[in-house]
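Engineer: Turn these sequences into a full structure, and let the hints steer you where they fit.
Same order as they appear, the protein sequences are chains A and B. Just so we're aligned, residue 1 is where the first sequence starts under this note's numbering, counting upward by one. Just so we're aligned, residue 1 is where the second sequence starts under this note's numbering, counting upward by one.
Rather than coming from a laboratory, the hints here were simulated on the basis of the structure. Built from N, CA and C at the ideal position, the CB exists for glycine as well. Watch out, some of these pointers could steer you wrong.
Listing some non-contacts, in silico: residues in chain B with all C-beta distances to chain A over 12 Å [unchecked claim]: (1) R47; (2) K112; (3) Q152; (4) L158; (5) G178; (6) P197; (7) R221; (8) A228; (9) W236; (10) T237; (11) D249; (12) A251.
Here are a few chain B residues that face chain A, going by a calculated C-beta distance under 10 Å [to be verified]: (13) L46; (14) P59; (15) L63; (16) Q89; (17) C91; (18) Y102; (19) P124; (20) V125; (21) F239; (22) R240.
2 protein chains.
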Amino acid sequence: MCQLLGMNANTPTDVTFSFTGFAQRGGKTGDHSDGWGIAFFEDKGLRHFVDHERAVDSPIAELIRRYPIRSRNVIAHIRKATQGSVTLQNCHPFVRELWGRYWVFAHNGDLKDFRPRLHSHFHPVGATDSEHAFCWIMQELSKSHADVPSVQELTLTLRELAARIAPHGTFNFLLSNGQALWAHASTHLCYIERRHPFSQACLCDEDLSVDFSAHTTPHDRVAVVVTAPLTSDEVWTPFRSGELKVFVDGACQAF
Amino acid sequence: MCQLLGMNANTPTDVTFSFTGFAQRGGKTGDHSDGWGIAFFEDKGLRHFVDHERAVDSPIAELIRRYPIRSRNVIAHIRKATQGSVTLQNCHPFVRELWGRYWVFAHNGDLKDFRPRLHSHFHPVGATDSEHAFCWIMQELSKSHADVPSVQELTLTLRELAARIAPHGTFNFLLSNGQALWAHASTHLCYIERRHPFSQACLCDEDLSVDFSAHTTPHDRVAVVVTAPLTSDEVWTPFRSGELKVFVDGACQAF
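Structural biologist: This is the structure we're talking about:
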């Protein structure tokens, strides 16, 4: 199984603290050593890093731990290969363009016998079930809407699409187009919303703590979604099975 | 004006030497300081780095100068903004997926009044004339062929498409799908093919030389395409205006 990390914030925020703990699971505190990847939105632009080395000793992961890239939407993934070999084209997150926006997708789990025909313009480059499912979601979104719909409309469509894929196996995923972060759980996914008053937190995977109040303003709001809690002294809310949540400006939305 | 760098080789090769000289033009020996980018194919997979900082002092460019990423097809670009602001979504190279392959494109020059209607699935995310032209090329390729055609067929189609865009301005570009490197010149582009027996070369933009014979085997072949010669002691062949060349396995092809 792989591990997912997502971040959504109302102001550009760096994920070096969360990524430092998360990256330890890529070969040190976890055996997810078959590559990793991370994507950062900056406005509509995207920085996308993938590597088939272990996150714990990849020079590119080291750069990301040290160089604070500020973003309002981040998706990261460390991989334990179940389908598809350990090559760059099989590393998550995957990226496609639709309606003049980049879409980023990462998946944790295994889908059995989900290989719907892809009759539109989205085709997988690698060999994973995950990228196939992502291309199908992109195809169905492009058929369902003529242009970028509202976050609320997208959420309704994505809930329908996720419900059609989920019966084929384990389908925990993160998706973002830079406007929102969508997260769907089959099994393991939890989240936290950090807001004023900010406090201190300690990583579970590394001997490191941070005092968020020293790095934030009272207006900052940040939501973090992850496979397993990253910190030992905060309360993380687990997703229910089959739940799709959407985060905008660092807050889980009611719709 | 921007600067382009392309590399095509018959064996995975690192571009740290060429990139070191090239990156100096991003703020030190040249005024191309409005961001930069580089894309490396590894098999069908892609590493894509873009940054709106100057290449000469970007931490990500520093990583690429130090960490030898080996690739058979590389496209790099340093930007001097003429159209579109200095934001991440306007940094070249641009990437799209077509027929289950990634396509990478970078452009040097200015296109006037070339905004054809994009009626297919490819739309620009940023505001540059370059990305608009790339999306149009992708659209026309997808209409001209049902699946990935041969490199020879693609070259014929691309020659027709380039000839339709070139009259609108300056259209020096590099394009790759991981199988070949296409290069089109309106004004400034030159190339070199390095093969056995390899010799030494000195960079124009930095006090650095390399003895290629120490890093190669007799079977290696590497072609480098660039806006202006990178080395002072090798013979670079200039493109003729309107010429589109294709490089496969480190050699310029006759078709």
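Engineer: Indicate, hint by hint, whether the structure satisfies it.
Structural biologist: Structure-based check of each hint:
The non-interface label for R47(B) is inconsistent with chain A: the shortest C-beta to C-beta separation is roughly 7 Å, within 12 Å. Distance check for K112(B) against chain A: the nearest CB is about 22 Å away, which clears 12 Å, and the non-interface claim stands. Every C-beta of chain A lies more than 12 Å from that of Q152(B), the closest at about 23 Å, which supports listing it as non-interface. With a closest Cβ-Cβ approach of about 19 Å to chain A, L158(B) is found to remain outside the 12 Å limit, as its non-interface label requires.
Not every CB of chain A lies more than 12 Å from the CB of G178(B), the least distance being 9 Å, so the non-interface label is violated. Non-interface status of P197(B) relative to chain A is upheld: no Cβ of that chain comes within 12 Å, the nearest being about 33 Å off. At the 12 Å boundary, the C-beta of R221(B) stays outside the reach of chain A, the nearest C-beta of that chain being 23 Å off. The Cβ of A228(B) lies farther than 12 Å from every Cβ of chain A, with a closest approach of about 28 Å, so its non-interface assignment holds.
At roughly 31 Å from the closest C-beta of chain A, the C-beta of W236(B) stays outside 12 Å, upholding its exclusion from the interface. With 12 Å as the threshold on Cβ separation, the claim that T237(B) sits away from chain A holds: the shortest Cβ distance comes to roughly 32 Å. Remark: the non-interface label on D249(B) is consistent with the geometry, its nearest Cβ contact in chain A lying 20 Å away (cut-off 12 Å). For A251(B), the condition that its CB be more than 12 Å from all CB atoms of chain A holds, with the nearest at approximately 25 Å.
With its C-beta approaching chain A no nearer than about 7 Å, L46(B) sits inside the 10 Å limit, and its interface hint holds. Using the Cβ-Cβ criterion of 10 Å, the hint placing P59(B) at the interface with chain A is satisfied: the shortest such distance is roughly 5 Å. Because the beta carbon of L63(B) sits about 5 Å from the nearest beta carbon in chain A, less than 10 Å, this interface hint is met. Taken as an interface hint, Q89(B) checks out: its beta carbon lies about 4 Å from the nearest beta carbon of chain A, inside 10 Å.
The beta carbon of C91(B) is positioned within 10 Å of a beta carbon in chain A (closest approach about 7 Å), and the interface hint is therefore held. Hint on Y102(B) holds. Least Cβ distance to chain A is approximately 6 Å, under the 10 Å limit. The closest approach between the C-beta of P124(B) and any C-beta of chain A is roughly 6 Å, which is under the 10 Å cut-off, so the hint is satisfied. Contact between V125(B) and chain A, as hinted, is supported at the beta carbon level, the nearest pair being about 5 Å apart and thus within 10 Å.
Using the Cβ-Cβ criterion of 10 Å, the hint placing F239(B) at the interface with chain A is not satisfied: the shortest such distance is roughly 30 Å. With 10 Å as the threshold, the beta carbon of R240(B) stays out of range of chain A, its nearest partner Cβ sitting at about 34 Å, so the hint is violated.
Comparing the model with each earlier hint shows violations of hints 1, 5, 21, 22; every other hint is respected.
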